[in-house]
Amino acid sequence: MDPSRSLSALPRLLCFIKTAAYSSAAVTAPTIASNSSFPLKNVTKLNFEAALSELRTHVRAADFVAVDLEMTGITSAPWRESLEFDRFDIRYLKVKDSAEKFAVVQFGVCPFRWDSAKNSFVAHPHNFFVFPRHEIQVDGPSSEFLCQTTSMEFLAKYQFDFNACIREGISYLSRAHEDAARKRLNFAYGDEMSDASSNVIRDKKRIGIADVLFKERMKNRLHEWRDRLLSERNMEFQGQEGSNDYHRQFQTIFFKMRPALTLSDFTSHQIRLIQLVIKKHFEDLCFVVVNDGDDSLQQLVVYVDSRDDKELLMQEVNSDQKEAAEMKIQSAIGFRHVIDLLASEKKLIIGHNCFLDIAHIHTKFIGSLPSTAEEFVSSIGKHFPYIMDTKILLNGNSILQRRMKKSSTSLSSAFGLLCPHIAFSSQSNPAFKSGVRVEVQVDDLRSSNWNSGDKHEAGYDAFMTGCVFAQACNLIGIDFALRSPSENLVDNENLQKHVNHLYLSWASGDIIDLSTGNRMTESLRSNRSKKYQAKISFENIVLIWGFPTNLNAREIKECISKVFGLTNVVSVYHLDESAVFVQFAKPEMVSEFLNLKENLERHDDPISVLHPLTKLFEARTTHAAGYEAYKKICSSPISKLLFGDQAEAVGINRKMALIKSETVKSQMHEAVEMLNETTEIQGMEMGVNDLSSTNYHSLRSSSM
Amino acid sequence: MASRFSSLQLQRRLYTTTNQWSVRQVRNSDFHSCLGELKNHISDSDFIALSLQNTGSSSFPWHRLHPFDTHDTAYCKAKYAAEKFQILQFALCPFSVRESNLIAHPYNFHLFPRDELNIGMPSYSFSCQVSHLTSMAREGFDFDACIYDGISYLSRAQESIAKVRIGCPTLTPSTNVVKSSSKPSVADSIFVQRVKSRVKNWKDACNSSTKTNDALLIVLEKLVVGSEPYGLRPSMTIDVCSERQVLLVLELLMEFSDDLVPVVIPAKGGGTRAIRAILTSSKEDKILLEKELQKLEEEENKKFCGFREVIDMISASQKPIVSYSPLNDFTFIHSKFLAPLPTSIDEFASSLHLVFPRVLDVKHLMSKIGGLSKPNSIASALSYLKNHYYAPIDLDIPVEATGNDHKFHGHNAIRLCHLFAKVCSVLKIDLSGFQSNNNNCLASMLDGCANVPCSFSPYHCEREDEDIKIWTKNVRKVSCRHLVFLWGFRDGMTARLLKTALEGSHEVFCEEFDVRFVDKKCAIVVFWEPGLSETFLDAINSDGIVGSLREMVSEGLRAAGYETYKRVCRLDLWEADLAESLERAMLEHPSISEAGPETVRLDINYSNDSLIYLNDL
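Line by line, the protein sequences are chains A and B.
If you read the first sequence in the numbering used here, its first letter stands for residue 1, the second for the next number, and so on.
If you read the second sequence in the numbering used here, its first letter stands for residue 1, the second for the next number, and so on.
Don't take every hint at face value.
[What the hints assert, rightly or not] List time: in silico SDA-like cross-link candidates among lysine to any residue, alpha-carbon distance up to 25 Å:
#: 1; chain 1: A; residue 1: Lys405; chain 2: A; residue 2: Ser379
#: 2; chain 1: A; residue 1: Lys157; chain 2: B; residue 2: Ser127
#: 3; chain 1: A; residue 1: Lys640; chain 2: B; residue 2: Val426
#: 4; chain 1: A; residue 1: Lys640; chain 2: B; residue 2: Leu537
#: 5; chain 1: A; residue 1: Lys640; chain 2: B; residue 2: Arg156
#: 6; chain 1: A; residue 1: Lys183; chain 2: B; residue 2: Ser127
Note that these hints are calculated values from the structure, not bench results.
Note that this is a predicted model, so its numbers are computed, not measured.
Can you make the complete structure from the sequences, with help from the hints?
Spelled out as structure tokens, the structure:
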């Protein structure tokens, strides 16, 4: 590489360095002009329909589709961030919590298609603004979402357009919500099929003289109108009630091939009276309410020939209304049409460190997230059979690792390193000609020359992800030019071993395989955290919270070491300022510790005052529990800022902590969970007086 | 006649120009420049109106304030919302009324809880209610303005935490040093002796005029003695290990107090790291230094408190504050700008009273006008008054020099002053005389009917009399003990159907009772005869239930008394459905029979006309 070139590239590269966590404020902000010259299709509800049909053709033709999401936050509390002592199932629970609480505000979709004629990829970056507005009434917790302050600041720093998002963002309906809405629709129109007019009429006893007069007048008017209809029946009907001109409130129109009167400018009470008159005096008139387009209701009196005709009319009206409601649901589905499109085409989906993105897609557009990672994996596999994570690819392939030269595998850094010919194409340099060529097409404009785009616009990030993937494929020996169009990228032997592998947590290197549900720890990574990881045995861990705030990890370790011996306290690790994990050398020490705590708190004699652990338990608010309590706390929908408050709110009491401590062997966890559930049900049947204690006793006896 | 005509014209002019009111829009970039002006406006005005624009109010029907809420449950609901949602816009309007002329200075502050100091404060995260944001967007609210350039803040409680965490040096007023009470131990006296000799040596060295300019010597001096210049004055740092030692050192330095100024340097994350003693040359110099340090501290404080400066300004002015829904507004203000909300409404009322002694509740004031139920929004209240009463109030808003922001949103505060002036005019309360403080009659009149800390607290209120006077016709009051919550009936049940179903099911339903739905899955039964609710609750929980009630119970019908509802609110069990919450309260937190006498006394309004049959709508 030309040294002068690499030097001049350095300041630009610096701009690409982004930290893995979105919330980090210490990002070197590139000063991007907001009117970037990068072509990007912004889609709001105003141009959604057109963009969707266009996207359909692009996705169908695509070799793969890159996606990227922008959310309103990542973690709902500091302790919900990924921690070293998180077990696999806990990591899933943390992702689940994040996906359930925060909203997706921007969704980037970028289909890539290989154009063999031009020997380059054609990318169609789309930037969808999404907002969970309710177009139709839905039940459930979707009526609010959480914003993490730092994430909002982060979005603001990159000029995110919040006004466009909230005002014009595309709404959506998940599959589950759609089903619920449809059920409600069937309920509403199923029961009342028989007679739509019956539900309003109820003759009240108190009728004033004014009402009587009004009813009489209406009766006469309707008589007149009907008689005129009948008399003119054999002639050509001329709709000439205008000559009479008694009211602009009445207007004759045709409704479903039948003559009808529109009623306007009546109060709802008057309408009700008119309905009464019709029901009482006119066999051959029928009152209907129709929805004429923009949510305004139109009341009509329709002339019907016979009873059969009346029934027919009511059926027609009902099916119209049902259809209208159906249309409304269809349009309320909104952005989910895009997800359905991606799912039905079964294209290879490319994301960068995208487990959280996939979890968001599941909870927003498919249905609520299952409680375990295994169930999640089987559910997502039904909709998206092939997902590829570029971060996995970059870290898992030795050729790519060498190419990355141990630099950060964050998206912008990888893009800058692997695709300099795209990232810096404005200054064309022969050194960059080697890479896979990518052209961008937006609407009918194709271009291969542009300045770098707006980072953290989801559409641009999706584009970068796709470029990184294309380039990575090229580097590991996939020649797009030689590839036959029928060949599926997924079947390539070099890619196959990475397909559907996602980082459950990038920091720990925990990987989940979406095709099998298997979990693994990254093999190629050779840093200390992996070795450390291997040493954690979760049954040796005790969780302590609520201790005096001036105690730090070192002091706590000292204090416990005095009782259990220096070598038996392996490590003490802060969850946050209010709680610590203490890892013992042996599992039985956990229950020993918890029993000791209980004893110390029960006896208030001088000996226990002198006990070294008294320093820790002094506050009386100090609580301790085994690792299973941590899982319970993480799975709670509550999110308090401090872990201590959270544990309190979830209601982890001492008895429960002890139950958990009995379950020393990790294999037993599952069994005990089940047992726990069954006893809970028993407890409920026995009465609600003291559920927790019965639970406790039965469990104790069973585990002895 | 002529005068009447002209005032009518005046009124018309007022309504047509509504959209051109100049409201000063304040953001982070011009926040500090507007403070001086605001201070003047506040001190010149008689009242301050305020109105908040939040990211949400309540996401689920039963989380809203209902007529069947007591003070306690209402407070719990307001507290829950205040802790969860965020203030995006704070509309403030200092105003006075002079001869039916309203002089107002409206401001709109855009807020955002930006983490300026990078310490996870003021707010790690906040909730948004989708429908609320959607309707704000429809009114043209500018979210970008808030998030890009909103003013941040720290509450008073957060400020003290932040100071500790960041470690700002604080000046200890020498008078405040408390004598260490306990007898000095051996370790203490050794410590004191050592410090004393160090300070003495250092002072002597400073006073002896042999100034060294040798860089090496200065470094050595710094290392050995801990001496370094503080500005132009020499100072030395004394490391301490405990709060006890801090006290000892401060005491010791008092002996030198003629020329030494101690500054406490806190450690990051709490506690004290060291004490710096600064040597002054004379008494005057010492006073000068102390003033300097004080000023430095104030500057530092300003950096911390952000928008709270405005709150402190309002509080310091002691002017009466006019609010339309004070419980909501002030729970938000308390939790964002003062301190976390206390658990009970009484603590809240007294804590708030210290900061804002006089809060006027316009909604409550309006209820004094006969035949008027409480309209929910300021706009509807205004239009009601306009249609029913003749109360000409001229609006006089001086156009600010920078007031080129003609946004049509953010007029709530000014509408509120307008409404307040009109209500007072209808009630024949003369606001013009307010500035002459001797108008005791006015003050007591306002306080008596609308002072919020008073009406918040159930102990010193005369609600009973008032309410009966206002709604003699349509309000039937009922003790909360006569309410029973019912849930677990089939989907699509309406109040009427449920009432019919209940009517034959048990003897208690032979007497008069009413059914009202709270949300889709939970209803309230009101027994108008005392004692029946207990009978019913006993019956439904006993083995001996028979007939259709037994049938309904086996279908899943459950019931709970008002105590359970109160427990739900107190324990923060805010599920989406009330039924779910009540169930949780019964299962997870079994009753700790504490139906004390205080709960029995509380009465709530049960307005027959405001009965909403949700499913009939």
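Structure-based check of each hint:
As the CA atoms of Lys405/A and Ser379/A are separated by approximately 37 Å, the hinted pair breaks the 25 Å bound. With a CA separation close to 21 Å, the supplied pair Lys157/A and Ser127/B stays within the 25 Å bound. Distance check on the hinted pair: Lys640/A and Val426/B sit about 48 Å apart at the alpha-carbon level, beyond 25 Å; violated. Taking the CA atoms of Lys640/A and Leu537/B, the gap is about 35 Å. The hint is violated against a cut of 25 Å.
Note on Lys640/A and Arg156/B: the hinted pairing holds, with a Cα-Cα distance of about 20 Å set against a maximum of 25 Å. Distance check on the hinted pair: Lys183/A and Ser127/B sit about 30 Å apart at the alpha-carbon level, beyond 25 Å; violated.
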